[in-house]
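**Q** Mind docking chain B on chain A? Use the hints.
Quick note, the sequences are listed as chains A and B, same order.
Per this note's numbering, the very first residue in the first sequence carries number 1; after that it's consecutive.
Per this note's numbering, the very first residue in the second sequence carries number 1001; after that it's consecutive.
If you're looking for bench data, these hints aren't it; they were derived computationally from the structure.
Predicted, not measured: the structure shown is a model, and the values here were computed from it.
Incorrect hints may have been included.
As the list claims (entries may be wrong) - For lysine-lysine, the following DSS-like pairs were computed, each having C-alpha atoms within a straight-line distance of at most 25 Å: (1) B:LYS1109 / A:LYS59; (2) B:LYS1055 / B:LYS1026; (3) A:LYS109 / B:LYS1059; (4) A:LYS51 / A:LYS26.
Protein chains: 2
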Amino acid sequence: MKKVEHKECLSALLPVRDTLDVIGGKWKFLILISLWEGNHRFREIERSIPKISSKVLAKELKDMEEHHLITRTVKDEYPVQIEYSATEYSKTLRRVITELRDWGVNHRKEIFGQ
Amino acid sequence: MKKVEHKECLSALLPVRDTLDVIGGKWKFLILISLWEGNHRFREIERSIPKISSKVLAKELKDMEEHHLITRTVKDEYPVQIEYSATEYSKTLRRVITELRDWGVNHRKEIFGQ
Chain A
1 MKKVEHKECL SALLPVRDTL DVIGGKWKFL ILISLWEGNH RFREIERSIP KISSKVLAKE
61 LKDMEEHHLI TRTVKDEYPV QIEYSATEYS KTLRRVITEL RDWGVNHRKE IFGQ
Chain B
1001 MKKVEHKECL SALLPVRDTL DVIGGKWKFL ILISLWEGNH RFREIERSIP KISSKVLAKE
1061 LKDMEEHHLI TRTVKDEYPV QIEYSATEYS KTLRRVITEL RDWGVNHRKE IFGQ
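This is chain A alone, in the form it adopts within the complex (with noise of 0.2 Å):
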């Protein structure tokens, strides 16, 4: 196999580790796909996530707007309304994501078997 640099395989890392942390975690992933398929006011959100809880979802999905992956718009109306969308930008993801399933997909023949 050929040998691959050290400085070239290193400087992976970083931005490797980055992509990870914005969707490795266990919930990101859920919850971006929730928005994507137009949930948009909290409860729905987390009613369409088995086992999220309230707290939980509150943080990633600060989390998720520190990232620009999603928008929290206060709407004015009475009762206040919050709405949360998926952003342009985290669609940027979807390409990441198919690499991942792809790959997965590949794997589970690689390990079990046509």
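**A** Okay, now just chain B, sitting in the frame of chain A:
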């Protein structure tokens, strides 16, 4: 944003999890890099990865062997030598790693500006 089919989304979950289980941990990606770089013996690999313990390295190598990512060869010499190598199959991860890296690089720009 276009709605994504619920079933389509959820069917992606399992293989994405599988992939993250294989490469998402703290060490496996570093071990793969070390092997791709041409390290083969336990002590070489251990030395190349700061802060990894022998116990953890042994466990990870076993796990990676079960996932067909590396091979473990016992050389018929005296004293007995054991060599670890990355498999050809492990190279299929490079595309995934490239996607993760590229997204991470771009994400730093998105979050911190250029």
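**Q** Each hint needs a verdict: does it hold in this structure or not?
**A** These are the hints, each one checked on the structure:
For the proposed pair LYS1109 of chain B and LYS59 of chain A, the alpha carbon gap of about 23 Å is at most 25 Å, so the pair holds. Under the criterion of a C-alpha separation no larger than 25 Å, the hint pairing LYS1055 of chain B with LYS1026 of chain B is consistent with the structure, at around 14 Å. Of the supplied pair hints, the one linking LYS109 of chain A and LYS1059 of chain B holds, its CA atoms being roughly 23 Å apart against a limit of 25 Å. Of the supplied pair hints, the one linking LYS51 of chain A and LYS26 of chain A holds, its CA atoms being roughly 11 Å apart against a limit of 25 Å.
Going down the numbered hints, you'll see the structure goes against none, and every one checks out.
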